[in-house]
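Protein chains in written order, with the numbering used here: chain E, 47 to 215; chain Y, 308 to 415.
If you're looking for bench data, these hints aren't it; they were derived computationally from the structure. Certain hints may be false.
[What the hints assert, rightly or not] Per the computed footprint, the stretches of chain Y lying under chain E, defined by three or more beta-carbons under 8 Å from a beta-carbon of chain E, are:
#, region
1, 327 to 335
2, 368 to 375
[Claimed, not checked] Label pairs and their in silico Cβ distance ranges:
#, chain 1, residue 1, chain 2, residue 2, range
3, Y, 357, E, 199, 35 to 43 Å
4, E, 113, Y, 390, 18 to 26 Å
5, E, 113, Y, 410, 31 to 39 Å
6, E, 98, Y, 329, 48 to 56 Å
7, E, 179, Y, 390, 38 to 46 Å
Don't be surprised by glycine CBs; every beta carbon is placed ideally from N, CA and C.
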Amino acid sequence: MKRVLPQHDTGDGDSKPEPLRTETSPNRWVLQAPPEVTLPAHATVAGDHESQASVVGESMVIIGELEAAEDLIIAGRLEGSIMHNANRLVIRETGVVKANIATNNLIIEGRVDGDVHGRESVSLSKTAVVTGNIETIRLTIADGAQFNGKVTMDTREQPGTHTSREETL
Amino acid sequence: MPSGKSLIGPTVIIRGELTLKEQPLTIMGRVEGIINHDQTLTIHRDGQVDAEIRAEDVLVDGTVHGNIHGSKRVKITETGRVDGNVYTQLFSVDEGAVIKGNVIMEGR
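Go ahead and model the full structure; you've got the sequences and the hints to work with.
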């Protein structure tokens, strides 16, 4: 196909020499589709990042505040606060957290001293020791877990079935 | 999960004091405050540390604002930037690195 210079296409005085960005002929868009050689490499790098959670190792102690927007595993100790804006936060059996925690899905296998807000779910495994209040929509406490505190479950946050069940009760 | 390894991922921000023993630590995110470590600390190319750093080996691929105390070794690679003093025994810098500060090499 014959290429037309951009000066001819845009007669309104726009003289930017960008022959690849003209919108006059829809056929040209097809011709101009760039060879996407670099895309697969990018995709694998991004995939690695996503599967790679941040890890606070067993021997690590953090005193202060922690913010994260990726999955997080705490096997060490943290005193302060946790602001977590990602899918999953896991506190391993060796983990000790003295902080208020806000996250989407929280799995506690270790020790937590503080108020806990799981926007979607909170799960206490049999090794969990939790002192503090829990606020969530879905809660699991395994046999053997120790928990002292108040549970607030706001089922209204979940639309549909739960509100109708409340009415029948 | 890498059990013996700590990783501060790219979206993580820690403000305060971070202490670590016997396990290597890689920082890809941001740490502000103090880092006390007795092993290898790697500051990834995307990592930014505004802290007083103490570790055995410090590898700087990223950006550090603050003093670095490497009890054994400090290495700054071509993407590394340090704004602060470096105290260590073995010191190496790759071409392209940027350092603003004093380097004090303590005798072995």
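How the hints compare with the structure:
For the region 327 to 335 of chain Y, the assignment as covered by chain E holds, since 5 residues bring a beta-carbon within under 8 Å of that chain's beta-carbons and 3 suffice. Given as covered by chain E, the region 368 to 375 of chain Y fails the check, having 0 residues with a CB less than 8 Å from a CB of that chain where 3 are the minimum. Our hint of 35 to 43 Å for residue 357 (chain Y) and residue 199 (chain E) holds, since their Cβ atoms are close to 40 Å apart. Here the CB-CB span from residue 113 (chain E) to residue 390 (chain Y) is close to 23 Å, well matched to the stated 18 to 26 Å.
Between residue 113 (chain E) and residue 410 (chain Y), the C-beta spacing of about 33 Å keeps the proposed range 31 to 39 Å intact. For residue 98 (chain E) and residue 329 (chain Y), the Cβ-Cβ distance of about 22 Å falls outside the hinted range of 48 to 56 Å, so the restraint is violated. Between residue 179 (chain E) and residue 390 (chain Y) the beta carbons are some 43 Å apart, a value that agrees with the proposed interval 38 to 46 Å.
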